[in-house]
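Mind docking chain L on chain V? Use the hints.
Protein chains in written order, with this note's numbering: chain V, 745 to 1226; chain L, 745 to 1226.
Just so you know, these hints were derived from the structure itself, not from any lab. Owing to the predicted nature of the structure, the values given are computational and were not obtained by experimental measurement. Be careful, since some hints might not be right.
Which copy is meant is left open, because identical chains are indistinguishable; a pair holds if it fits in one copy or across any two.
To be verified - Straight line, CA to CA, 16 Å or less: simulated EDC-like cross-link-like pairs of lysine to aspartate or glutamate:
1) K1032 with E1053
2) K1222 with E936
3) K1124 with E861
4) K1013 with E1056
5) K1013 with E1053
6) K947 with D925
7) K946 with E1225
8) K759 with E822
9) K850 with E1111
10) K1166 with D938
2 protein chains.
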Amino acid sequence: MKRRTIKDLLQDYKKQLHHEVSVSGWVRTFRSNRFIALNDGSTMENIQIVVDFEVFGEELIKNIKTASSLEISGELVESQGAGQSVEILAKKIKILGDNFSEEMEKTVLQPKKHSLEILREQAHLRFRTNLFGAVFRVRSAISFAIHQFFHQNHFFYIHTPLITGADAEGAGEMFRVTNFDLENIPRTENGEIDFSEDFFGKKTSLTVSGQLNVETAMMGLGRVYTFGPTFRAENSNTARHLAEFWMVEPEVAFNNLEDNIDLAEDFLKFVIRYVLENCRADLEFLDKRFADEQKQKPEKDRAKQGLIEKLESVTSKRFRRVSYTEAIDILLNSKENKKGKFQFPIESWGADLQSEHERFLVEKHFESPVVLFDYPKEIKAFYMRLNEDGKTVAAMDVLFPGIGEIIGGSQREERLEILQKKMHEMQVDEEELWWYLDTRKFGSVPHSGFGLGLERLVLFVTGMSNIRDVIPFPRTPKSAEF
Amino acid sequence: MKRRTIKDLLQDYKKQLHHEVSVSGWVRTFRSNRFIALNDGSTMENIQIVVDFEVFGEELIKNIKTASSLEISGELVESQGAGQSVEILAKKIKILGDNFSEEMEKTVLQPKKHSLEILREQAHLRFRTNLFGAVFRVRSAISFAIHQFFHQNHFFYIHTPLITGADAEGAGEMFRVTNFDLENIPRTENGEIDFSEDFFGKKTSLTVSGQLNVETAMMGLGRVYTFGPTFRAENSNTARHLAEFWMVEPEVAFNNLEDNIDLAEDFLKFVIRYVLENCRADLEFLDKRFADEQKQKPEKDRAKQGLIEKLESVTSKRFRRVSYTEAIDILLNSKENKKGKFQFPIESWGADLQSEHERFLVEKHFESPVVLFDYPKEIKAFYMRLNEDGKTVAAMDVLFPGIGEIIGGSQREERLEILQKKMHEMQVDEEELWWYLDTRKFGSVPHSGFGLGLERLVLFVTGMSNIRDVIPFPRTPKSAEF
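Chain V extracted, bound-state conformation (with noise of 0.2 Å):
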């Protein structure tokens, strides 16, 4: 008898009832030495296990405890009891792992409350609590709708370098790769750190952006995204900020500013629409968490919405396109900044806009996803184009309700003697990025691009408030613990 998943057991047992199946999982509650809750992790629900105390004894039962995992043969039944549809009448029942009970008392196993602050502590366990095995589920689906939407728009996946040569991305502060002996590094004749004897034969990093690489590949392939892990080593001990994310970072020849907000706003309806068709049972887990939690807060700190609410709320309507012009005339002349409510007031066409600034935006103004665009050049990267106004770039950022900017984007400046121009103005090295204006060389087109930092984005659909409660094992300052 093949076993099978308790998600798949679920979704046809009317086929199987009367059955006999065989399911394997652990134990996440025993209740009157009678009832076992059994969990695979394969879905957020567990199946009845009944257990018949006669037919296997005290000394097996007595080594079923909180868990523990099981292998379970036994008939299908429609339940008796409240919560659930079907039960196994449990006929052989195998202990594969017993647990550590004086040890299980320190662990997040312990079938009680604990807090996000320990569940980050034993990250190598908070995989088997509902809250996180959610999380993760959706985080897995969040991450299969992106490929699934690229690859039905045609897209082709590069894979970009991490290490890199280059440190001029100006993205941020990068780390170090290095083979030297931290002890003993060569030194040329002058003195200097020889890095010709390193590894690579020369300095290298980690890098802070696929977008410059990818860029190459586009001239050739025309729609391409990279995804994967990039890095900063920023000092930034909160709650938004990781030393190592991930990112996607599509790249389109022969699109413009406006096909490159269409492009953003399909692809976040595409992914979030497909969390809701597909993570039913983990979202209701998710906003019953996200409404709890609301509970705890000051009245006018509560989300105007539920969790599923919010996120169908973002799908079904068309976000508003406001030029970044636009949106400093509605900051200047808005109560919050008149009164001096912002932490940083804005004063003029040409600041940069805050966390605060963006959620006031799209969550008091106009109450729905704002796509801001056309900014203004010197606060934003050397790459983006000029337009013909000769002080803003084509750029643009999605900002959404509770997170502010969650995709950053822009046309890329695909005239060579004004990107020269740019990388000289903005001291960006050009004899380190020549291959870079090679592709401005042969054949240069207009051509779009975003990133999106995909934990931004579970952190909005699953409604958790710290970035290290997203990724499986966070790195930030002082921590890469597992």
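This is chain L only, laid out in the frame that chain V set:
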């Protein structure tokens, strides 16, 4: 009028015949001032654009050069010429990007044959050649098929961390990751390097495998896989080694070794079939290239099968399953071994198999993919499950023609005491891996998994022979360009 990809246009051209269509792309060739072969990367195939000299005039025609980018609209008509079914009679031509003819002469965009070495030096431009367009479209299809396979089989995708504090994984030399200023490394009072001052507060490296991490997720979610970059700081300057490469590692609760072999076989066949069904034009091009390459070789070194023929044969046959012990017998009794034809002669049971032995078994003896299992414990990793015989472990390697080992895996040692004994014998630090040992303490379960190096599979499917030609930007000793 919406711009369409060339792939899309060619697929349902019948509906579009005699309609006006719009495409953009790069000039591959321009013959007789009349016929442009335009490619946009969506497919191997070009679309022919017919240009009427009278309509467009000399000035514009002169500027249509190889590698230029164009936006075209015109009528789609049945083609008069050989080699294509349809062509576009241009009504509008816009030159999007010119090219710098002098520099162009030094690039691989020049329409002539370039060596793979030169193409590697211009990895940022090689996407624009037929060969590398095909290779990277196939790589993308393989990557998507991998996600698709696991998704269909209800696996969850887990992003395991790349930066690790563990030194003990034992799969190879690791790169150090640091935020230290190498000119000024902090020291403790004893004069030792003070890693507590580094970004993560300890020594950190780039991971060599996600397996140990993904096993913790398996304990909660049941069926999981990780698919991401891994690193080896080994000074191997060969056609088979990369310092940075992509690895797929599934891990399944309750699976024994046989289940694991079944999974590996199903997985490989699914992915290869997917490419056969979805990348026909690219495979036909690669098949021809492969055949041409074989002709250059001395007869004895030539592949017995064509590329597509090989892929089809692998997906249609059941892989031969052979124990290590049986394989050693075959090798000991082979003419090759007796006549001293092997560079490393097999002397007795216990020998580690070399690539020449694996290929002998696959290509000469069985003429089939082979799965070897139950290897001597001494030559395999600490986490592999000890068999009843006390001298072998439940390991498996899948061997492929022309490649040798393509997958390596095992049933894992789920019994805490035996695992600890093994770690002690093999000098693996138990304290560092406390969290890994925890997975064997609380409801430990039998489980199995394997690792597949993505680039090995891409080599096999594309028929390329150097691993640097199947990853966009290879990282190898003394080289981290682009």
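> Within a copy, between copies, both or neither: where do K1124 and E861 come within 16 Å Cα-Cα?
Replying inline: neither (36 Å within a copy, 38 Å between copies)
> Quick one: K1013 to E1053, C-alpha cut-off 16 Å, is that within a copy, between copies, both, or neither?
Replying inline: Result: close within a single copy only, 14 Å intra versus 42 Å inter.
>> If the cut is 16 Å between Cα atoms, do K947 and D925 qualify within a copy, between copies, both or neither?
In response: Answer is both: 14 Å inside a copy and 12 Å across each meet the 16 Å cutoff.
>> Regarding K850 and E1111, is the shortest C-alpha distance of 16 Å or less found within a copy, between copies, in both, or in neither?
In response: neither (45 Å within a copy, 55 Å between copies)
>> At most 16 Å between CA atoms: does that hold for K1032 and E1053 within a copy, between copies, both, or neither?
In response: within (12 Å within a copy, 55 Å between copies)
> With identical chains treated as interchangeable, where does the CA-CA distance between K759 and E822 reach 16 Å or less: within a copy, between copies, both, or neither?
Replying inline: Intra 12 Å, inter 54 Å, cutoff 16 Å: intra-copy only.
>> As a check of your reading, is K1166 near D938 (CA-CA no more than 16 Å) within one copy, between copies, both or neither?
In response: neither (32 Å within a copy, 41 Å between copies)
> With identical chains treated as interchangeable, where does the CA-CA distance between K1013 and E1056 reach 16 Å or less: within a copy, between copies, both, or neither?
Replying inline: within (9 Å within a copy, 39 Å between copies)
> Is it within, between, both or neither when you check K946 against E1225 at 16 Å Cα-Cα?
Replying inline: between (29 Å within a copy, 10 Å between copies)
> Given identical chains, is K1222 near E936, meaning Cα to Cα at most 16 Å, within a copy, between copies, both, or neither?
Replying inline: Intra 29 Å, inter 19 Å, cutoff 16 Å: neither.
When the structure is compared with the earlier hints, violations turn up for hints 2, 3, 9, 10 and for no others.
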